[in-house]
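The chain contents come next:
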Amino acid sequence: MPEHITDNLTEHFIRAAEEAAATVEKVKRDAVALNDCLLAATSDDELVLFAQPDDLDEQLFLKFRSNAKIIVNPTNEQLKTIKTGITGAFCAVASTGSVCVAITKNLSSPISMLTRKHIVIVDVNTIVPMPRDVFSEEYAGGKGLKRSFSFITGPSATADMGPLVRGVHGPGKLHIIIMEQADGKY
Amino acid sequence: MENINDYKIHPREVADKSSKESLKKAIKLALDVESDAIRLNTQTFNNNKYKSIQKLYDYEQLKDRARQIKEDAIENLPVLINKVIEVVEARGGKVFCANSKSEAVEYIKNICLLHKAKLIVKSKSITSEEIELNTTLENAGIEVAETDLAEFILQVSKEQPSHIVTPAIHRSRAAISELFKRYFKTDKLLETGEELTEFARDILRQKFLSADIGISGANLIAADEGSVLLVESEGNIRLTTQLPAVHIAIAGIEKIIPSKKYFGTFIELLAASGTGQPLTSYTNILEPPIDLPILNLNGREDKQREFHLVLIDNGRMKMRADKELKEALYCIRCSACMNSCANFQAVGGHAFGGECYSGGIGGAWTIGTSGSLEKGRFAELCSGCTRCIPNCPVRIDIPRLNTTIKSRLIKEGKTSSLPKYFFGNFSLLGKITSLAPGISNRLSSLPFSRRLMENIVGFDKRRPLPEFAKKTLVKQFKEYRKESFLKNKIDWSNTDTILFADVFTNYNNPHVGMAVVRVFEKLGIPIMLSKVYDDGRASQSQGLVELTAKRAVKLASYLEKFVNEGKDIIVAEPSVLASFRSDYKKIIKNEQLSAKLAEHTYDPIEYLNLLIKRGKLEQVLRPDLFAHSGKQIFYHGHCQMKTIGAGNAAPEFFCRLGFHVNVSTVECCGMAGSFGYKKEYYDLSKNVGRDLIRQIINSDSFNERTIILASGTSCREQIGDELKNTIYHPVEFLEIILENGIDNK
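Listed in order, the protein sequences are those of chains E and L.
Counting the first sequence from 1 gives a position; the numbering used here is that position plus 810.
Counting the second sequence from 1 gives a position; the numbering used here is that position plus 522.
Next comes chain E alone, as it looks inside the complex:
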């Protein structure tokens, strides 16, 4: 395993994600900071669909969820017309800047695939070095082996219409929020 990956997974992840045309920011692990961060990220959006991240404490999001424009139980109509959606990711990959979103009983996957702007929150502890590591019991609690999921790397893109175009059937914008460890480190 090359040192440059294991040395500082977070920095490596941020670089790779930005290279894949995602935007990235870091946030403190508390409800107030999260609320401020997410409000800022959705300041231009009228309606935001929110899928509570499975692996993160619900308490962290209560303040944010109390905002009027945050929809936690969308109607079909709201899903069909979604512009901005927020989900969690159960792990992330440093070498590629990818986040992994589970296909499970909640709405994370549909929200993340129907929306035009996808905001995803990932716990810094869950960043693994390379894609192959997600298929191992050693990393991310072996979650990658136990579920259906998608690696998401940057916004959707196509090279079929000439030079690369971003924003095809999937989101045209991917914003990743890395949540710090309990001890304040990244």
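Accuracy of the hints is not assured; some may be wrong.
The calculated lysine-lysine pairs, modelled on DSSO-like cross-linking and capped at a C-alpha distance of 30 Å, are [unchecked claim]:
1) E:893 with L:703
2) L:703 with E:915
3) L:783 with E:953
4) L:825 with E:915
5) E:956 with L:605
6) L:605 with E:890
7) L:605 with E:893
8) L:616 with E:915
What the simulated footprint calls covered on chain L by chain E, stretch by stretch (three residues with Cβ under 8 Å from a Cβ of chain E suffice, anywhere in the stretch; the number is not a length) [stated by the list, open to error]:
9) 777-785
10) 798-804
11) 834-846
12) 990-1002
13) 1207-1220
14) 1249-1261
If you're looking for bench data, these hints aren't it; they were derived computationally from the structure.
Glycine included, each C-beta is placed from N, C-alpha and C at the ideal position.
Once you have looked at the hints, place chain L on chain E.
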């Protein structure tokens, strides 16, 4: 380029390459209207691939692992199929094993009818095109919306795919723009890539939201968990496989691998090899039927998710039992082979492809799944340059698959054998003309002779004939030895270094062979010349496999004593060196001998570099002894030589002496031995060659006095046909600078 939307022939008309006529028309079509777009797109992918694989620190080991996994999987396929059925059905899904195309499409159609489906959304699946699914469904009154943008474009243009990953690669943005404007009759702006994408996106979003059933392919299937790997950039696969309650996945049986744990290896290789990305935008691992609640955004009242895995044989088990074709089953459909193929870069899959499979790997897949050998005729467009081999993530010997197809076409009388025997017996031609080279050269260049040659053996009139030297290398060497023995009294009988007298150097380029002899002796390395032998390169390129094996075995046995004595064998012609270093391992069936041959054969410059590294020639070849720092020269590396790892020998050597070496980055010059002589491939060969010529002309400080070096005879021919510059084999140039220091000519 002519306008693709107005061209007189539609690609579908020449999709079936069974006849020579359709292959010919398809090549013309591609060169006339598609070449520029294909070259731009494939070269972009190719360049990105090289960048990406550099970031895979264990790329070579990953390929070994991927190869092993696929070999084992295909070996154990029947067991794995049963495991998949067991696991998927335990989870509540259904598996249907279709022996034939018709069984597969009938099953799928019936599921659709059962669910009263009016609209299907579909993601890209070349396998679905193999079984001709869309036609069947449409005939049953079901609308099929292709959601991958390239397939959406092909649905509009009604063309077949020209590439297995980006099927509309033959269309530029302008061509797509015009196509949409004509077809959709809309006043929406459709100029930029963004506008075209937005347009298609809006149409297809409506399809996603109202479709009754989603149909996808599968990149890989893991037998242990029944997991399906699906790789994409657009996001259409996620929508197709998760929104509708019913998901049908179509997969050839060769997609099955034992374990989900191996997905990691394959996704890293696939993304880097295919599109040159660390990962594509979405890499999906599904274990259907998935847990996701049914949204019924389409207004249906589906209560339960249904998953149907349609596993398709359609000739694959037969391929598995075919010793030569079996390897094609390891393919993971990355497209690296076609992106790195200079011929494919020129014409794409509408010429170098069939009804759905394209490129170097396409021939084996076409004949395997169609049951028709003739449909694989486009395998002739593989010139054996081998640039695909190091790029294949599962180490498939793609040129060998195509040689097999060529060989079978000859055996079954599906191709004219006279040209094959003519070009495959180049050495015989050499022997005959060497009896009276002056007359032979003059006679053969008469217009009458040229016309005759073109009509009878297909040797294009426009190609300059290879000159047969007045004195063969063997003769020249003999005279030289006599002379130098009388002068220097050196005993040559016990040298450690042998120059192999290959047929090309012996009959056409003896001056190169003599340059090796003189240069080496000047550097203190006495050299002995071997006897002349045909290494089988020419016959192999024609698909004459038995003749090739005979020649190879004979030559290997001749060289055996030299390698057993630990002698070093210098080979001036790169394609012959490649025979020893690579092809013979599979041809002569003597592992020990072929390994020794591979170990003891060298390109002349490669050999000098080795000696320099060992400290032997450092003083003789000291950079300060040569006064040409900064002088620009251009080096074009021979395709097969690059594949065997010697492509950087000459640049390294001459850089060390203070030259500034500009190198070509094309995969192949397009001449490829006899390929460029042939009437039916002349235009294609010239098209490929011009890509190299452009690179040379645009290189730093290039002018008509710039010296061009190329180790391959074919390359020098191809370049010399367009440029007036002096072109040398590197060792010829070395002889000049050793004698004179460097002077402009």
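To see whether the hints hold, each was checked on the structure:
A hinted pair counts as satisfied when its Cα atoms are at most 30 Å apart, and residue 893 of chain E with residue 703 of chain L qualifies at roughly 28 Å. Distance restraint check for residue 703 of chain L and residue 915 of chain E: the Cα-Cα separation of roughly 43 Å exceeds the 30 Å cut-off, and the hinted pair is therefore not satisfied. For the hint pairing residue 783 of chain L with residue 953 of chain E, the CA-to-CA distance comes to about 12 Å; that is within 30 Å, so the pair holds. Taking the CA atoms of residue 825 of chain L and residue 915 of chain E, the gap is about 15 Å. The hint holds against a cut of 30 Å.
Annotation: proposed proximity of residue 956 of chain E to residue 605 of chain L holds, straight-line Cα distance about 18 Å (limit 30 Å). In summary, the hint linking residue 605 of chain L to residue 890 of chain E is not supported, as the alpha carbons are separated by about 38 Å, beyond the 30 Å threshold. Using a Cα cut-off of 30 Å, the hinted pair residue 605 of chain L and residue 893 of chain E is violated, with the two alpha carbons roughly 42 Å apart. Distance hint between residue 616 of chain L and residue 915 of chain E is fulfilled; the C-alpha atoms sit about 21 Å from each other, no more than 30 Å.
Restraint check on the stretch 777-785 of chain L versus chain E: 4 residues with Cβ-Cβ distances below 8 Å, three needed, restraint holds. Look at the stretch 798-804 of chain L against chain E: 6 of its residues bring a Cβ nearer than 8 Å to a Cβ of that chain, three or more, so the hint holds. Using a Cβ-Cβ cut-off of 8 Å, 0 residues of the stretch 834-846 of chain L lie near chain E, which falls short of the minimum of three, so the contact claim is violated. Here's how the stretch 990-1002 of chain L fares: 0 of its residues keep a CB closer than 8 Å to some CB of chain E, so the rule of at least three is not met and the hint is violated.
Against chain E, the stretch 1207-1220 of chain L contributes 0 residues with a C-beta closer than 8 Å to a partner C-beta. That does not satisfy the three-residue criterion, and the hint is violated. With a cut-off of 8 Å between beta carbons, the stretch 1249-1261 of chain L has 0 residues touching chain E; three or more are needed, and the interface restraint is violated.
Checked against the numbered hints above, the structure violates hints 2, 6, 7, 11, 12, 13 and 14; every other hint is satisfied.
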